[in-house]
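Student: The lines below spell out each chain.
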Amino acid sequence: MLNTNPNIADPDGFYAALIAAHDGLSEEQSAALNARLILILANHVGDPEVLRAALAAARPAN
Amino acid sequence: MTHKPMQDRYNLAFKLYPYTRSPDQDAVDPVRRPVVVMGGGPIGVATALDLGLQGIPVVVLDDHEGIGQGSRAICFAKRCLEIADRYGAAAPMLDKGVVWNLGKVFHEDRKVFEFNLLPEAGHKFPAFINLQQPYFEKFLIDRVRQAQAEGAPIEIRGRNAVFGVDVAEDHVTLQIDTPEGAYVLEADWLIGCDGASSPLRKMMGLDFEGRVFQDSFLIADITMQAAFPTERWFWFEPSHKAGASTLLHKQPDGVWRVDFQIGWDVNRAEELKEENVRRRLTAMLGPDVEYDIVWTSIYTFQCRRMKKFRHGRVIFAGDAAHQVSPFGARGANSGMQDVDNLGWKLGMVLRGQAPEGLLDSYDAERRHGADENILNSTRSTDFITPKSKISHIFRNAVLDLAERYPFARPLVNSGRLSVPCTYDGSALNTPDALPGGPARTRPGSPCPDAPLGDGFLLNRLGGGFTLLALNAETPGIPADDGVAANILALTGADDPTGALAARYLGEAPAAIYLIRPDQHVAGRWASFDETAVRAALRRACGKE
Ligand SMILES: Cc1cc2nc3c(=O)[nH]c(=O)nc-3n(C[C@H](O)[C@H](O)[C@H](O)COP(=O)(O)OP(=O)(O)OC[C@H]3O[C@@H](n4cnc5c(N)ncnc54)[C@H](O)[C@@H]3O)c2cc1C
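Chains A and B, in that order, are what the protein sequence lines are. Following the working numbering from start to finish, the first sequence increments by one per residue and tops out at 48. Following the working numbering from start to finish, the second sequence increments by one per residue and tops out at 643.
Since the hints were made in silico from the structure, they are not lab data. Every residue gets a Cβ at the ideal spot worked out from N, C-alpha and C, and that includes glycine. Heads up, some of the hints might be wrong.
Stated by the list, open to error - Computed Cβ-Cβ distance ranges for the label pairs, DEER-style:
(1) B/Pro574 with A/His30: 54 to 64 Å
(2) B/Asp391 with A/His30: 56 to 66 Å
(3) A/Ala47 with B/Gln106: 54 to 64 Å
(4) B/Glu629 with A/Gly10: 54 to 64 Å
(5) B/Lys406 with A/Leu25: 35 to 45 Å
(6) B/Glu207 with A/Leu25: 25 to 35 Å
(7) B/Asp194 with A/His30: 50 to 60 Å
(8) A/Ala7 with B/Asp241: 48 to 58 Å
Stated by the list, open to error - Which stretches of chain B does chain A cover? Using the computed rule of at least three CB atoms under 8 Å from a CB of chain A, they are:
(9) 484 to 498
(10) 504 to 518
Isolated chain A (complex conformation) (with noise of 0.2 Å):
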């Protein structure tokens, strides 16, 4: 099941380092790296019931 309640340690701590890979890159360059992240991510949950409720809830909510 995906879990949607919080599971990060340092909440914090962690958005400061993703914002931080971010950093000096272009927009095109930054799309790209959120691109490898997700697949990276996606590969490490691996389950595709989780998979497929996390692209659900990630859909803009109407």
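Once you have looked at the hints, place chain B with the ligand on chain A.
Tutor: Quick look at chain B with the ligand alone, frame taken from chain A:
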């Protein structure tokens, strides 16, 4: 000698220390004082209280005759109030202050989520109060007056502007301007509490480095007859567009703080015109809400600190030593922790009970505190005012997800409110020797409060060293160079709620704590061991 009149840099809210001539101005040779504090803001006055209540003569020099108008700080945190309570100044603050617990976060007018500070039960003070800074300062000065009447050797000299310093190995010479001309005063120790733009720092040619944030904020304190609750409301990108972000927060006297993020390239004079401030306020509040403007100001900010807070006989504290963005309310709150840390150490050095080197631990511990505050307030600022397009996209993605998914809520950062820092790794700490003891009271930690049958724990700690014995026997230890540790022995019978055991024992059946005069833990053990406790006391006094 003719003298040009001295100009105020700001208007006064309370004129509390009008200029009077001091006999020091007529002395043939400069008078030497043990401690001079430069700057009578909250941090300078608190420093004077700490030292004066120890019986140490202290002179505060301020270039104005009272407290500046305009609120600036409004959120005062629990630890700050606990420190003020140690000085006997907190009761009127709590009486006057507004207590709040609920915060709401909005994005484009939709409520993203709300949070409750959920203050832990069993503390004398709430997590926060809102109080206009001039009141906070006035209550400190009221306490100074009372302490003076009881014999505390504190002097506050209004309209005494320091314009020159000469720092020698064992004293400092000050040149001071007054309405009746200049005079010279010497000090064994000079404490620089002269604010973020510290003239003292400049006179000594010292650094103050960090990050400038390219954004301006317009503050309006207003009174209004609208039914907003006593909550902290924060809008990201509100549709009224009066600010890229906006904060609304309640203060005493029916006053509300409104804080608009208005961008970097602004014309200050233009933005501060009443009609322009009203345009923003009306856009935000709607056309039907009537309000009066109490005070307005525009601020920009930086997150930075001095490389070192101690320079021989000159020690910096408060905004002079470190500056943070207002998000998180860490300015005055952390300055009070500086005072708490410095007071007892300087007192012991002046009494000859500890080596001067003890003051280097002030430098190390409070730089550690400043770094923590700067890190937190920098992160909040980066979230509130994203610096790049991708950072903005992530910020809005977090807000978007936070509406629907709990996991994203801890990532929303509209200010991480001030909590005291734990002096992990300080040279004054003795390694933890209490197996099963709670992490929150490990050596270096500020003592959490707990209800005792007839009051609160923190009122029994501080001022001097305390040997706290929980379900344990201790004969105490002999004084070391005149430094004693008072015994406070407590058992389950003193702990009606169990909070004391939960916060100080954890899984341990009994404990011995050595607690510093600033209510931080110096060391803790499972049982009394005289050799270990004596060594810990010496270490906490900078002697090991
Ligand atoms: C918009 C805003 C909101 C804030 N909100 C909060 C908050 O919610 N919570 C919080 O904790 N903090 C907050 N702060 C920070 C807080 O206001 C400061 O941290 C605090 O005032 C610092 O106190 P201080 O005594 O170090 O310095 P100051 O208050 O700046 O006092 C310095 C004093 O030194 C005097 N002086 C200067 N030069 C000389 C001289 N040459 N000779 C003699 N005297 C001199 C000045 O006149 C002044 O009286 C906020 C700040 C701003 C700008």
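Student: Hint by hint, which ones does the structure fall short of?
Tutor: Every hint satisfied by this model.
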